[in-house]
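Enquirer: Below, each chain spelled out in residue letters.
There are 2 protein chains.
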Amino acid sequence: MSEKAPWITYRPELKVLDCTIRDGGLVNAHQFSDAFVGAVYRACVDAGLDYMEIGYKNSKKVFPTDKFGPWRHCAEEDLRRVVGDHTAAATGLKLAAMADAGKSDWQHDIVPAADSPLDMIRVAFYAHQVSEAVEMIRHCHELGYETTANLMAVSNITEEEIDTVLEAIAATPASTMVIVDSFGYLYREQIDRLYKKYAAAMAGTGKEVGIHAHNNLQLAFANTIEAIILGCNRVDSTIYGFGRGAGNCHTELLLGFLRNPKFNVRPIIEVIQHQVAPLRKDLVWGPSIPFNITGQLNQHPRTAIEWTEGPNRDDYLAFYDKVVSES
Amino acid sequence: MSEKAPWITYRPELKVLDCTIRDGGLVNAHQFSDAFVGAVYRACVDAGLDYMEIGYKNSKKVFPTDKFGPWRHCAEEDLRRVVGDHTAAATGLKLAAMADAGKSDWQHDIVPAADSPLDMIRVAFYAHQVSEAVEMIRHCHELGYETTANLMAVSNITEEEIDTVLEAIAATPASTMVIVDSFGYLYREQIDRLYKKYAAAMAGTGKEVGIHAHNNLQLAFANTIEAIILGCNRVDSTIYGFGRGAGNCHTELLLGFLRNPKFNVRPIIEVIQHQVAPLRKDLVWGPSIPFNITGQLNQHPRTAIEWTEGPNRDDYLAFYDKVVSES
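For the protein sequence lines, the chains are A and B, in the order given. Heads up, the first sequence is in UniProt numbering, so the first residue is 1 and it goes up one at a time. Heads up, the second sequence is in UniProt numbering, so the first residue is 1 and it goes up one at a time.
Simulated from the structure, these hints should not be mistaken for laboratory data. Take the hints with a grain of salt, since some may be wrong.
If you want the footprint, here are the derived chain B segments under chain A, 3+ residues with CB under 8 Å [as the list claims (entries may be wrong)]: (1) 94 to 103; (2) 210 to 219; (3) 224 to 238; (4) 260 to 271; (5) 307 to 318.
In this text, a Cβ means the ideal position worked out from N, Cα and C, and glycines have one as well.
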């Protein structure tokens, strides 16, 4: 038996991306106050996080401004209003935004990196959109951004589709290929398989593998740890697990696990208490029976989200019977 | 890469013990109505579970009946009032009770197994109590019970202490040696180490290794899965995670993971909806910031329990500062 205790040491190259505003915004149509976004930003800086994903760079046609808040589009003036003259050099924090294939006017809406507080564009796409994703990555890279490739809903596609996507992304300038468990379906042995597959496909390219887990089965943190153990150096989390449906790997749990002394959990606990936990008065997220059920069945969480927002939200049995009978 | 998918097959020898009443009773001093205990019992039978731990066999002197409900003592007449003429042969479910070293009048309070609906006595003990635990196991075995050895708070003792306990238990008639993460502190690599250590110490004795996880870090289910992957065939869970402090591995999540068709999650969801979830009106359990903090620091959850029951329960930052300053 090894005498080593890897759980009390750390890898300096492991970087944390907090996507509270981006993923949590899916719960409230990104209708956050500037004060809220600013508090999360300061918490990320003070906690020593590496990246903060502050929203989407999505189309105002697809997501009109009368229904969606500014963090769905991340217009430069909205960013500047909250983060001022932010620079990564001054704060240690890089800012990221996510652009979806099929939902973004990326050819027009993304300004050169030198003119933006954003440092990174994360390109989210489904397998069938990989060709657009490759174009987006190249375009954003040419504009001066670090880029990542986030293949969504990986639990719902075939091995051949995954392999084809990985081959296409390996040839791009993306810095990171992210394992995304959109439905919160994956168990640890599946994380192992995917990590090894992704890492093998990226070998020799200099790319990192990332992990973005959802908490339907209370496994977001555990699956993130598993990926880290295997070598994953880019990990996503959200403060208090705030995110769509069952939510995400909790930033405060992740920082408790990571032993890099540059991280400090106290500012995260502070922003939870004053900003994020109070959202529970009006918003619903986190693991619950409906999300357990859709996760176990490898389904998109939308039916569970509708149920938990409806009048029968506590009728777990009716939801179970409905989902089982319809599947 | 292996083509096998172990997560969709099952091991028939893997047995589930639901300890909702026993561990959940630590939240309300075991003051359950007979109707509640009966509903949990029927759910366990209907779900195809292997064992139900219905309470403690603890001393009425240490836990007086004016403060503690009947499931702290599991008097035979209380058991019979709820489970009637229960037999394992008729229901497929074996009933268990836990007896603590140092807190039980085990020499007098435990009747022969032939006269009780109980099939199993689980002996809980701290390392320094191992000699009494060995006597308890032998005594209960002679009375006709299956027995287990549950070494508590394993994260807080030395390797030598663990080794000494394992050697002592290996020589007893206990059927199972249980890994107990009382403080909800263990990460996956530590579970691996402990499982391998426990399994090696029990090799050749015919004993199984069990796992009892707490959910302080949202890892109870994940750590249970990890132990199962390694070969653990005796796993504890509670319905809706109901249990002391941060609670336990959720029975409904565990049954969703296990693929043995004899298990049925629907009765568990039903009893959650009608019996367990409504307890949340008056009782507090489950992972939250205070339990995250004590878990990360390898502390007993008692300070977090007091805090979550007190007037400042939402002042996470004050709790963090208090615990950090006192540690």
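Enquirer: Run through the hints listed earlier and report the numbers of any the structure violates, in increasing order.
Expert: 1
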